[in-house]
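Enquirer: In order, the protein sequences belong to chains A and B.
Residue numbers for the first sequence follow my numbering, beginning at 1 and rising by one.
Residue numbers for the second sequence follow my numbering, beginning at 1 and rising by one.
Keep in mind that the hints were calculated from the coordinates and are not lab data.
There may be inaccurate statements among the hints.
Same chains, same names: a pair is fine if it fits in one copy or spans any two.
[Said to hold, decoys possible] Straight-line C-alpha distance at most 25 Å; calculated DSS-like pairs for lysine-lysine:
1) Lys161 to Lys448
2) Lys103 to Lys400
3) Lys3 to Lys327
4) Lys199 to Lys3
5) Lys3 to Lys103
6) Lys103 to Lys397
7) Lys199 to Lys225
8) Lys327 to Lys202
9) Lys161 to Lys349
10) Lys400 to Lys448
Number of protein chains: 2
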Amino acid sequence: MNKPTPLSGFPELLPSQRTVEREVIATLSRTFELHGFGNIETRAVEPMDQLLRKGDTSKEVYVLRRLQEDDSSRTESNRSGGMGLHFDLTVPFARYVLENAGKLEFPFRRYQIQKVWRGERPQEGRFREFAQADIDIVGRDTLPFHHDVEVARVMLEALGKLTFLPGFTLQVNNRKLIQGFYAGLGAPDVEETMRLIDKLDKMPADEVGKLLVSEAGLSDDQAAKCLELATITATDDSFVEKVRALGVESELLEEGLSELATLINATAPLTGPDSGSNSVRVVADLSIARGLDYYTGTVFETRLDGYETLGSICSGGRYDALASDGKTTYPGVGISLGVSRVLVPLVQKGVLDGDRKVPSTVLVAVADEESRAEADSAAQQLRAHNVACEVSPNAAKFGKQIRFAERRGIPYVLFATEGGYEIKDIRTGDQVPADPATWTPQNESDLKPQVVVNNEEKK
Amino acid sequence: MNKPTPLSGFPELLPSQRTVEREVIATLSRTFELHGFGNIETRAVEPMDQLLRKGDTSKEVYVLRRLQEDDSSRTESNRSGGMGLHFDLTVPFARYVLENAGKLEFPFRRYQIQKVWRGERPQEGRFREFAQADIDIVGRDTLPFHHDVEVARVMLEALGKLTFLPGFTLQVNNRKLIQGFYAGLGAPDVEETMRLIDKLDKMPADEVGKLLVSEAGLSDDQAAKCLELATITATDDSFVEKVRALGVESELLEEGLSELATLINATAPLTGPDSGSNSVRVVADLSIARGLDYYTGTVFETRLDGYETLGSICSGGRYDALASDGKTTYPGVGISLGVSRVLVPLVQKGVLDGDRKVPSTVLVAVADEESRAEADSAAQQLRAHNVACEVSPNAAKFGKQIRFAERRGIPYVLFATEGGYEIKDIRTGDQVPADPATWTPQNESDLKPQVVVNNEEKK
Numbered sequence: 001m002n003k004p005t006p007l008s009g010f011p012e013l014l015p016s017q018r019t020v021e022r023e024v025i026a027t028l029s030r031t032f033e034l035h036g037f038g039n040i041e042t043r044a045v046e047p048m049d050q051l052l053r054k055g056d057t058s059k060e061v062y063v064l065r066r067l068q069e070d071d072s073s074r075t076e077s078n079r080s081g082g083m084g085l086h087f088d089l090t091v092p093f094a095r096y097v098l099e100n101a102g103k104l105e106f107p108f109r110r111y112q113i114q115k116v117w118r119g120e121r122p123q124e125g126r127f128r129e130f131a132q133a134d135i136d137i138v139g140r141d142t143l144p145f146h147h148d149v150e151v152a153r154v155m156l157e158a159l160g161k162l163t164f165l166p167g168f169t170l171q172v173n174n175r176k177l178i179q180g181f182y183a184g185l186g187a188p189d190v191e192e193t194m195r196l197i198d199k200l201d202k203m204p205a206d207e208v209g210k211l212l213v214s215e216a217g218l219s220d221d222q223a224a225k226c227l228e229l230a231t232i233t234a235t236d237d238s239f240v241e242k243v244r245a246l247g248v249e250s251e252l253l254e255e256g257l258s259e260l261a262t263l264i265n266a267t268a269p270l271t272g273p274d275s276g277s278n279s280v281r282v283v284a285d286l287s288i289a290r291g292l293d294y295y296t297g298t299v300f301e302t303r304l305d306g307y308e309t310l311g312s313i314c315s316g317g318r319y320d321a322l323a324s325d326g327k328t329t330y331p332g333v334g335i336s337l338g339v340s341r342v343l344v345p346l347v348q349k350g351v352l353d354g355d356r357k358v359p360s361t362v363l364v365a366v367a368d369e370e371s372r373a374e375a376d377s378a379a380q381q382l383r384a385h386n387v388a389c390e391v392s393p394n395a396a397k398f399g400k401q402i403r404f405a406e407r408r409g410i411p412y413v414l415f416a417t418e419g420g421y422e423i424k425d426i427r428t429g430d431q432v433p434a435d436p437a438t439w440t441p442q443n444e445s446d447l448k449p450q451v452v453v454n455n456e457e458k459k
Numbered sequence: 001m002n003k004p005t006p007l008s009g010f011p012e013l014l015p016s017q018r019t020v021e022r023e024v025i026a027t028l029s030r031t032f033e034l035h036g037f038g039n040i041e042t043r044a045v046e047p048m049d050q051l052l053r054k055g056d057t058s059k060e061v062y063v064l065r066r067l068q069e070d071d072s073s074r075t076e077s078n079r080s081g082g083m084g085l086h087f088d089l090t091v092p093f094a095r096y097v098l099e100n101a102g103k104l105e106f107p108f109r110r111y112q113i114q115k116v117w118r119g120e121r122p123q124e125g126r127f128r129e130f131a132q133a134d135i136d137i138v139g140r141d142t143l144p145f146h147h148d149v150e151v152a153r154v155m156l157e158a159l160g161k162l163t164f165l166p167g168f169t170l171q172v173n174n175r176k177l178i179q180g181f182y183a184g185l186g187a188p189d190v191e192e193t194m195r196l197i198d199k200l201d202k203m204p205a206d207e208v209g210k211l212l213v214s215e216a217g218l219s220d221d222q223a224a225k226c227l228e229l230a231t232i233t234a235t236d237d238s239f240v241e242k243v244r245a246l247g248v249e250s251e252l253l254e255e256g257l258s259e260l261a262t263l264i265n266a267t268a269p270l271t272g273p274d275s276g277s278n279s280v281r282v283v284a285d286l287s288i289a290r291g292l293d294y295y296t297g298t299v300f301e302t303r304l305d306g307y308e309t310l311g312s313i314c315s316g317g318r319y320d321a322l323a324s325d326g327k328t329t330y331p332g333v334g335i336s337l338g339v340s341r342v343l344v345p346l347v348q349k350g351v352l353d354g355d356r357k358v359p360s361t362v363l364v365a366v367a368d369e370e371s372r373a374e375a376d377s378a379a380q381q382l383r384a385h386n387v388a389c390e391v392s393p394n395a396a397k398f399g400k401q402i403r404f405a406e407r408r409g410i411p412y413v414l415f416a417t418e419g420g421y422e423i424k425d426i427r428t429g430d431q432v433p434a435d436p437a438t439w440t441p442q443n444e445s446d447l448k449p450q451v452v453v454n455n456e457e458k459k
């Protein structure tokens, strides 16, 4: 086998880099669990007809077939058009809720951290295989609005704990607000208006304005008001007055204004320099629409400071019908963090890495092969009180064993002397007697590989 | 969408059941890391030509294509016969080692816990999607035998910590021993002899004996000796004398006997009722050959007590060439635990489950919607010192909120009284004043969902 080359769009990490991803996943998981979210995993495959329900994502799906599948056996997997790899965690979760509804307690809080696959062209922050971390709360028949506030607060808290990442800006809007505004304004096609406004991040405002007239049937004045609405941003509920100043009225608009104001007021205390967390900001941004997705109220997007070209790295919202079996409807609200989209570019640029290549805190030196059993025994004594270690694979000269530890980033080397064991901190050269049954590093952080930030991107 | 039905061979767990799987994965991970094994993940897909190198597994591979892939764009993914989902973690790991050899430190210890996919017919303990946990140690050019002992000890320690599972029996043999025996005996086709002996677990010994004569060209006496070798088992190095009593000699046989004796003697102290762990046994079993796999020394299989029909749930061995790029060869030794194969049958039978449906230790009651913000604040105080909790979704009567907690298995309910907060243990009915900023459950085990064993399978 020749040396294989990486596969574009399928990023893989080195062991030290994987430290970063594991730390992120552990922090997210712990935060979600503190808020009562239970973990599930769903299978990687779904029937094609389920994957294609949203229509416009069909181009991204990977279809599966068994290699030995012949035409006669193909019936089985093709009953419903065959099977494909899931491209998000929402479609499988909606199916899981319907399939297990009788065994779940509602409101059902779950988090799910898994790989998803999309056959799209790879580019920065866009991969064909990537990990997502989703939280959702699902109700049966109804789900009070305070759960919208809850998912925003939980994700903000989680992002705030990722202190080695750049800051985040959570942008929030509400579909009721914008749809109610367009309706109150007398827009003949509310959906089309929203679809065009959503192009504002890719197209100049005056061009969008022309399309609003030519394609959505608005008057010049109506189009101008829609564009003006989309310019409104605020870090508190002052956006309410700015919207009212545009002179449009509708019941749905009022509902949206009230919900968004509640959300902004409830999340503001979690942000800013005094929140004790990473720099996380929340902004009401009335240009956010989330395109063709099926949200019905709150919508979220998130930008990573300094990496705005990555697009939204954490998105979601409220859907009045996450799932429905015809008899019962399951409304939900959720938000999904693109774990790979955030981490892989930072790791590949070397901004983030682990500080060692192995979990070991200690290398147990071996004087000669005859004493390997004693070295093994000393190592087991360290492990018994949770000090990770490895035993030197050979009985090379002591200096060589030190360099072996150095190359791996192992901070300590334990070795036997005539009077007992001694341990050397190879970063400082300090060497002291040590009992492997009780020794533990002075700094608890030496017990595990740590994430390091390698440039001024770190605040 | 009608109620979906489960997909045969793609098991999914309920939130409480997932507690069991997460506990197993956490225990394995922690043990592997204490021994210096670093974690990696590899992508789910490999080029088909790599997946099919072993030949006989071709029938099991899932092939991928992008839905919108037309004939002209198909060239890209078909350069090397297209892509498929990996069916084990060894093929991707070997590729990862070659691809990253310049950035890895050898001997390279890694563990990997991921899903794999096989298109085979689903049956008990056999799935189309399942999780494996692999440990391997890989050297550059050479890898001393003591690493064979190491992987056996690490996996035994990990299995021993899974105290809620039935006991395990690790069966060990050595290819050098059996191949050296057949060669010393004058067998004309050592490979074929081994292949036939491997059928002993599916076919009566006398039928295998006839095949040894008719297909492997052995004399009746030679065939009888091969069958006799395969009956030898021992929990110590007494097997050496039993083999010598058969009067066959060869250098390779001696090497195999010595390696296997070393391994049995080094692992025996980790087993038995005095080892302080789950009931784990190690047996030298000279019938174990691992079929067509490419092992060259130590081979492992493992049986789960009371679930022998599942077959080997943890297998592996030594391969002198895990990977090679033509210039450098990477020998390895590893062992792979079938996490789903062990857990899913036990979970589906209800033998193992989690003790609650949510991570929450506390439900914070809500007296009326006006006081929800105070309930949220009390919840945040609990979370600040790592007590997981959720706030009641509604302000129903107190008795209803208690039943809400009960259905989820949440042990405590916190509520505001005129004099401050009180907390009720709903299992005992005990109710005491509690400060949410400091309260923590008396039993630390209440902080996290626990695995429960629901029948007499538990030792």
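Enquirer: Are the hints correct? Go through all of them and say.
Expert: Going through the hints against the structure:
{"no.": "1", "hint": "Lys161 to Lys448", "in the structure": "both (18 Å within a copy, 21 Å between copies)"}
{"no.": "2", "hint": "Lys103 to Lys400", "in the structure": "between (59 Å within a copy, 19 Å between copies)"}
{"no.": "3", "hint": "Lys3 to Lys327", "in the structure": "between (56 Å within a copy, 10 Å between copies)"}
{"no.": "4", "hint": "Lys199 to Lys3", "in the structure": "neither (44 Å within a copy, 37 Å between copies)"}
{"no.": "5", "hint": "Lys3 to Lys103", "in the structure": "between (50 Å within a copy, 13 Å between copies)"}
{"no.": "6", "hint": "Lys103 to Lys397", "in the structure": "between (62 Å within a copy, 24 Å between copies)"}
{"no.": "7", "hint": "Lys199 to Lys225", "in the structure": "within (16 Å within a copy, 79 Å between copies)"}
{"no.": "8", "hint": "Lys327 to Lys202", "in the structure": "neither (41 Å within a copy, 51 Å between copies)"}
{"no.": "9", "hint": "Lys161 to Lys349", "in the structure": "within (22 Å within a copy, 39 Å between copies)"}
{"no.": "10", "hint": "Lys400 to Lys448", "in the structure": "within (24 Å within a copy, 45 Å between copies)"}
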